[in-house]
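**Student:** All chains, please: the whole structure from these sequences, using the hints.
Sequences listed follow chains A and B, in order. Mind the numbering: the first sequence is residues 1 to 146 in the numbering used here, read in order. Mind the numbering: the second sequence is residues 147 to 290 in the numbering used here, read in order.
Among the hints, erroneous ones may be present.
[To be verified] Each pair of labels, with its calculated beta carbon distance range: (1) B:A211 / A:G51: 15 to 21 Å; (2) B:W260 / A:Q76: 30 to 36 Å; (3) B:L149 / A:V143: 25 to 31 Å; (4) A:Q76 / B:Q280: 37 to 43 Å; (5) B:G285 / A:Q76: 47 to 53 Å; (6) A:M77 / B:A267: 35 to 41 Å; (7) B:G285 / A:G72: 44 to 50 Å; (8) B:A228 / A:Q76: 23 to 29 Å.
[Said to hold, decoys possible] Where chain B lies over chain A, by a calculated footprint (3+ residues, C-beta under 8 Å): (9) 20-26; (10) 34-46; (11) 70-79; (12) 93-101; (13) 125-135.
In case anyone wonders, no lab produced these hints; they're calculated from the structure. Don't be surprised by glycine CBs; every beta carbon is placed ideally from N, CA and C.
If you want the building blocks of each chain, they are given just below.
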Amino acid sequence: MTGLETAFTPLQSLAGGVLIGIAAVLLMALQGRVLGATGILSGLITGNAPGDKSWRAAMVAGMIAGPLLVLGLTGQMPELAVPVSWPMLLVGGFIVGLGVTFGSGCTSGHGICGMARLSPRSIAATITFMIACGITVYAIRHVFGG
Amino acid sequence: MRLLSAFLVGLIFGTGIAVSGMINPAKVLNFFDIMGTWDPSLAFVMGGALVTTFLGYRVVLRRDAPLIEARFQLPTARRLDARLIGGSAVFGIGWGIAGFCPGAAIPALGTGRWEVVLFVAALLAGLWTARRLQDRLAGKGAMA
Numbered sequence: 001m002t003g004l005e006t007a008f009t010p011l012q013s014l015a016g017g018v019l020i021g022i023a024a025v026l027l028m029a030l031q032g033r034v035l036g037a038t039g040i041l042s043g044l045i046t047g048n049a050p051g052d053k054s055w056r057a058a059m060v061a062g063m064i065a066g067p068l069l070v071l072g073l074t075g076q077m078p079e080l081a082v083p084v085s086w087p088m089l090l091v092g093g094f095i096v097g098l099g100v101t102f103g104s105g106c107t108s109g110h111g112i113c114g115m116a117r118l119s120p121r122s123i124a125a126t127i128t129f130m131i132a133c134g135i136t137v138y139a140i141r142h143v144f145g146g
Numbered sequence: 147m148r149l150l151s152a153f154l155v156g157l158i159f160g161t162g163i164a165v166s167g168m169i170n171p172a173k174v175l176n177f178f179d180i181m182g183t184w185d186p187s188l189a190f191v192m193g194g195a196l197v198t199t200f201l202g203y204r205v206v207l208r209r210d211a212p213l214i215e216a217r218f219q220l221p222t223a224r225r226l227d228a229r230l231i232g233g234s235a236v237f238g239i240g241w242g243i244a245g246f247c248p249g250a251a252i253p254a255l256g257t258g259r260w261e262v263v264l265f266v267a268a269l270l271a272g273l274w275t276a277r278r279l280q281d282r283l284a285g286k287g288a289m290a
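**Tutor:** Structure below.
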């Protein structure tokens, strides 16, 4: 299986990355928290006080509105192509849910906020999941897929 | 106030994910496919986000407290243990299989695509199952 070609977009990607960073800094300035998608989601589905759930739900709603804002401003929905079959999406999604819980974070919490704090745990976690992801993509596309 | 600020932070984050291309699994997987259809764009996403957050945190964390809450709540765990590394390796494998990570999949729901709904449903099932497993592991001794 080979991938779909995608265009190299350094400026757009850099601008989007800066926006992600601004969101992380704002959450720290306002609520004193790291912005981790894993923590926000798992706090939403398990336990905790109702007051704690409502801001998490508001943040998720804001995140979902992001692409719609881009649609409103540019007239185009952001490009999204899924080069993966639906059983792989289900398996991958479940595995991601297990991994980020035991690993205490994902790309946003460890990869951005934790690395920005120079946390040794986050640096180790990020190196680990980047390598694991790279090996998996290589195996799927070039070993098993031929 | 808390809800409005959380919504706005989410909106900026989701817009960043959308603009950067992180929202697109084809692009994410291509970042890792150096031997194939390589697209280095994601290095620019990570770079832009990291530098911004690093500089912003240095300013913000110099204050005594955040604006809305009483205190900063920073992660306190220090140990590099098997759970951290094993969990992160498992996450990386799932990310490589599906092409979505949690922070990209939530904003991607806004595109209304069924593939994203499927991924997020499986992600939530995985989160829930892992939480139950953790409770069981922790509960073997003291807790019920």
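**Student:** Run every hint past the structure and note whether it holds.
**Tutor:** Hint check results:
Checked against the hint of 15 to 21 Å, the pair B:A211 and A:G51 passes, with Cβ atoms roughly 19 Å apart. The hinted range of 30 to 36 Å is not satisfied by B:W260 and A:Q76, whose Cβ atoms lie roughly 20 Å apart. Roughly 48 Å separates the CB atoms of B:L149 and A:V143, a value that falls outside the hinted 25 to 31 Å. Distance hint for A:Q76 and B:Q280: a CB-CB separation of about 42 Å, consistent with the stated range 37 to 43 Å.
Taken as a hint, the range 47 to 53 Å holds for the pair B:G285 and A:Q76, whose Cβ atoms sit roughly 50 Å apart. Checked against the hint of 35 to 41 Å, the C-beta distance between A:M77 and B:A267 comes to roughly 21 Å, which is inconsistent with it. Between B:G285 and A:G72 the beta carbon distance is about 48 Å. The supplied range of 44 to 50 Å therefore holds. Taking 23 to 29 Å as the suggested C-beta distance range, the pair B:A228 and A:Q76 does not conform, at roughly 45 Å.
Restraint check on the region 20-26 of chain A versus chain B: 7 residues with Cβ-Cβ distances below 8 Å, three needed, restraint holds. Residues of the region 34-46 of chain A with a Cβ under 8 Å from some Cβ of chain B number 9, which satisfies the need for three, so the listed coverage holds. Chain B is given as covering the region 70-79 of chain A, and this holds because 4 residues of the stretch bring a CB closer than 8 Å to a CB of that chain, at least three being needed. Counting residues of the region 93-101 of chain A whose beta-carbon sits less than 8 Å from any beta-carbon of chain B gives 9, enough to reach three: the coverage restraint holds.
With 10 residues bearing a CB less than 8 Å from a CB of chain B, the region 125-135 of chain A meets the requirement of three and the coverage assertion stands.
Against the hints set out earlier in the document, violations occur for numbers 2, 3, 6 and 8.
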